[in-house]
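Q: As a plain string of letters, each chain reads:
Number of protein chains: 2
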Amino acid sequence: MKFGRPRGTKDFLPDEMRVRQYIIRKIKDTFELHGFEEMDTPAIELWEVLSAKGGEEVERQIYKFQDKGGRWIGLRFDLTVPLARVVASNPNLVKPFKRYCISKVWRYEEPQSGRLREFLQADIDIVGSARMEADMECISTAVDALKSLELEGFEVRINNRKILEGMMESLAIPPEVSMRVFRTLDKIEKIGEENVSKELEKIGLNTEVICEILSFIHNQGSEALDHAEGKFGSSKLIKEGVEELRRMIELSEPYDLEGLLKVDFSLVRGLDYYTGPVFEIKVKDAQIGSVAGGGRYDSLIEKFGGGPTPATGISLGIERLYEVLNQRIRKVLSPSETVIFIANTSAEVLPDAIRLRERLIKQGIVAETDLMGRKLGRQLEYANSKKIPYVLIVGPEELQTGVFKLRDMANKKEFSVKFEDVPFTILGKHTTK
Amino acid sequence: MKFGRPRGTKDFLPDEMRVRQYIIRKIKDTFELHGFEEMDTPAIELWEVLSAKGGEEVERQIYKFQDKGGRWIGLRFDLTVPLARVVASNPNLVKPFKRYCISKVWRYEEPQSGRLREFLQADIDIVGSARMEADMECISTAVDALKSLELEGFEVRINNRKILEGMMESLAIPPEVSMRVFRTLDKIEKIGEENVSKELEKIGLNTEVICEILSFIHNQGSEALDHAEGKFGSSKLIKEGVEELRRMIELSEPYDLEGLLKVDFSLVRGLDYYTGPVFEIKVKDAQIGSVAGGGRYDSLIEKFGGGPTPATGISLGIERLYEVLNQRIRKVLSPSETVIFIANTSAEVLPDAIRLRERLIKQGIVAETDLMGRKLGRQLEYANSKKIPYVLIVGPEELQTGVFKLRDMANKKEFSVKFEDVPFTILGKHTTK
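As they're listed, the protein sequences go chains E and S. The opening residue of the first sequence carries number 300 in our numbering; numbering runs sequentially from there. The opening residue of the second sequence carries number 300 in our numbering; numbering runs sequentially from there.
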């Protein structure tokens with residue numbers, strides 16, 4: 300009998316893990332370069348925390364259970380709610396508080412390609428600043444992370460919840476309904492405009508209002524801002540939203556993001572807690588879609604008992620990036636992390652092989668020896684199957700003379716080298732001299 | 300209202316996280332240097348997997364719950380059981396399979412200093428080899444990791460389950476009882492010999508047998524091996540166990556572990572799945588205790604439907620290491636990862652400050668700008684409170700002349716520098732010239 304895994308989860312064997320680690324490393328380095336500091340919170344949170352502000356859709360997706368003491372807890376569904384809880388309980392954190400977190404979250408939804416129930420998010424957030432510089436710094440950091448991964452052909456779609464809320468207000472749609480409208484609009488790419496229209500009808504909107512909404516969210520680019528002001532000029536919310544977007548566009552020059560930002564009123568983002576700018580980084584190639592998303596959530600921290608604390612952030616999806624970048628990264632990675640295998644010709648010299656391996660390791664060279672009591676031929680087969688580039692052969696004679704056979708496995712060549720010269724030879728320094 | 304966390308969990312704010320990351324980085328680098336490859340498995344596992352071989356004590360500690368589809372799942376309590384599941388379902392993995400995993404596990408037990416309900420383990424395992432070289436390679440890798448952290452005064456205690464089982468056999472204690480005896484003996488340091496004795500009575504052992512056991516496990520050092528052979532010479536299990544320990548001691552010389560290994564028959568290890576050598580790395584200072592532990596589990600993978608597959612491994616406890624090393628590591632770390640803050644004298648020049656920051660970041664220098672619309676004085680206060688070592692002041696005049704004031708915050712000195720010379724100046728290269 301074989302044992303399986305829960306649906307929507309994955310094992311990452313070393314072959315795949317190396318690519319993931321490459322992606323994570325690049326993202327982590329970029330986050331740190333931009334002055335974000337790492338923070339970690341538990342995977343399990345109290346139910347009252349998880350249910351405080353995720354929205355009903357998210358609540359349905361939470362893995363929820365009782366601990367042995369009878370308390371309701373659950374697995375976190377994002378990294379933002381835990382951040383808000385921490386900030387609320389640590390009022391003395393110096394602001395702006397710039398933190399990053401690359402960690403797992405869990406959502407019980409239908410598994411599909413690039414979407415798992417347990418998945419890795421890479422989040423940066425800036426807490427304490429109400430200014431668009433903070434939003435832009437998050438976007439520019441995320442863009443730099445993607446550039447460091449040599450991702451190409453992406454754009455940053457931006458919108459502002461204030462504009463969407465202003466529109467709802469102008470159409471006399473009450474706030475509790477508009478949140479449901481937003482969640483429906485968020486699905487437009489997934490289910491299509493016709494189905495969105497049907498769902499909006501079910502919510503209780505009439506055809507005229509639905510047409511107004513759908514026509515409004517078709518607006519894109521800088522004309523969209525003029526259009527919004529023209530159409531709903533008297534709305535304070537729309538005015539603020541437009542101003543914030545204009546400021547973001549203005550800042551895109553110093554932040555070296557010129558031409559990357561694109562206003563798109565159809566961008567909604569599904570989570571309930573957004574209050575201002577929302578953004579999404581999308582690869583133009585339709586098959587790939589969104590690789591990052593986020594926005595401003597100025598009232599979330601208050602919901603957790605903190606003082607009024609503006610905040611904004613963006614999240615990169617590692618699973619999606621893996622799918623997009625996997626092939627290219629594999630070409631960059633060396634076939635094996637182990638550089639040399641120290642083979643023995645017989646059990647008697649195994650301790651010597653181990654001793655030599657330890658010496659190489661102390662010099663920072665990833666070296667292995669036989670752990671299986673295998674004959675020389677089988678040891679070479681192992682090195683070959685693991686694509687280890689060099690094998691050093693240790694036998695009684697070699698130990699006496701101090702001269703060893705070094706086999707270059709890829710080129711099927713053999714050199715005679717003194718042990719002291721092994722690092723020099725395999726690290727290829729003789730060629731760069 | 301403030302929101303809390305589940306008991307036995309922790310938030311790791313950046314200040315603490317930097318120390319943890321330092322520890323994790325060193326361990327990770329050592330694991331990779333020794334040729335271990337990273338693997339990752341889900342935090343959630345099916346209940347049938349978790350309950351297959353943990354032992355009843357561990358089973359009581361598992362966070363267990365039903366997913367929304369009604370399947371029983373749970374949070375993993377160690378990293379070894381998931382590894383065994385993966386190896387069993389991937390029979391084609393090249394052997395020896397050397398994997399590492401640094402990740403969280405969950406155990407519902409009484410929280411205490413250095414023991415949390417959600418905690419981080421750093422595991423290495425070698426799958427496929429029945430030889431003591433594999434056990435010794437795990438031990439030597441763990442020791443190197445501890446050395447890279449400059450941990451001092453530790454020793455590696457070793458024992459062998461075959462010796463303990465052989466003793467039980469000789470005392471006519473049946474296997475199902477001996478597992479309970481082992482779990483009791485494992486608590487000897489925690490609850491004391493007297494309480495162990497009482498518990499063994501409850502299990503049903505008579506006083507004579509209890510005395511025999513307690514006197515036997517007092518044996519330490521190389522004489523212990525002679526003693527075991529002398530006393531239970533006819534036991535095949537004891538003979539094998541003694542031979543394995545002798546081989547480990549023999550191998551300690553080539554593995555550069557001479558003098559570190561110490562035979563200790565009182566070392567049991569709580570988990571049920573061990574079948575051969577067990578080991579523990581202990582700081583001699585009694586307050587600190589064990590920082591790593593592991594052993595051989597040759598039948599675990601078969602339990603998960605794999606072919607007969609010997610395996611061994613060791614796990615380092617990050618929480619414990621943090622407690623021990625925290626103070627010293629803090630002295631090594633720089634007070635701030637951010638090297639320079641680019642201050643502005645007024646909002647008009649903020650875009651220029653941002654532009655200059657972006658240029659420094661592109662050169663790999665961690666730089667920040669104001670995100671709060673603060674006046675210059677408050678910007679300097681922020682840089683000071685974050686212990687950022689340098690501040691560059693950007694005003695209209697500086698932009699015109701291209702010469703900026705660079706403030707060395709720690710030494711309260713101010714230089715005039717051209718922007719191009721900033722990296723050179725702050726990275727201190729002028730002093731090493």
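Read the hints as simulated data drawn from the structure, not as lab findings. Nothing here was measured: the structure is a model prediction, and the numbers come from that model. One or more of the hints may lead you astray.
A pair holds if it fits inside one copy or across any two, identical chains being indistinguishable in the list.
Here are the simulated BS3-like cross-link-like pairs (lysine-lysine), alpha carbons at most 25 Å apart as the crow flies [claimed, not checked]:
1. K486 / K712
2. K327 / K717
3. K367 / K497
4. K446 / K704
5. K486 / K497
6. K538 / K561
7. K309 / K685
8. K602 / K309
9. K674 / K394
Q: Look at each hint and say if it fits the structure.
A: These are the hints, each one checked on the structure:
| no. | hint | verdict |
| --- | --- | --- |
| 1 | K486 / K712 | neither (59 Å within a copy, 57 Å between copies) |
| 2 | K327 / K717 | neither (41 Å within a copy, 31 Å between copies) |
| 3 | K367 / K497 | neither (45 Å within a copy, 28 Å between copies) |
| 4 | K446 / K704 | neither (44 Å within a copy, 32 Å between copies) |
| 5 | K486 / K497 | within (12 Å within a copy, 65 Å between copies) |
| 6 | K538 / K561 | within (18 Å within a copy, 75 Å between copies) |
| 7 | K309 / K685 | within (23 Å within a copy, 40 Å between copies) |
| 8 | K602 / K309 | between (34 Å within a copy, 21 Å between copies) |
| 9 | K674 / K394 | between (63 Å within a copy, 15 Å between copies) |
Of the hints listed earlier, those the structure fails to meet are numbers 1, 2, 3, 4, in rising order.
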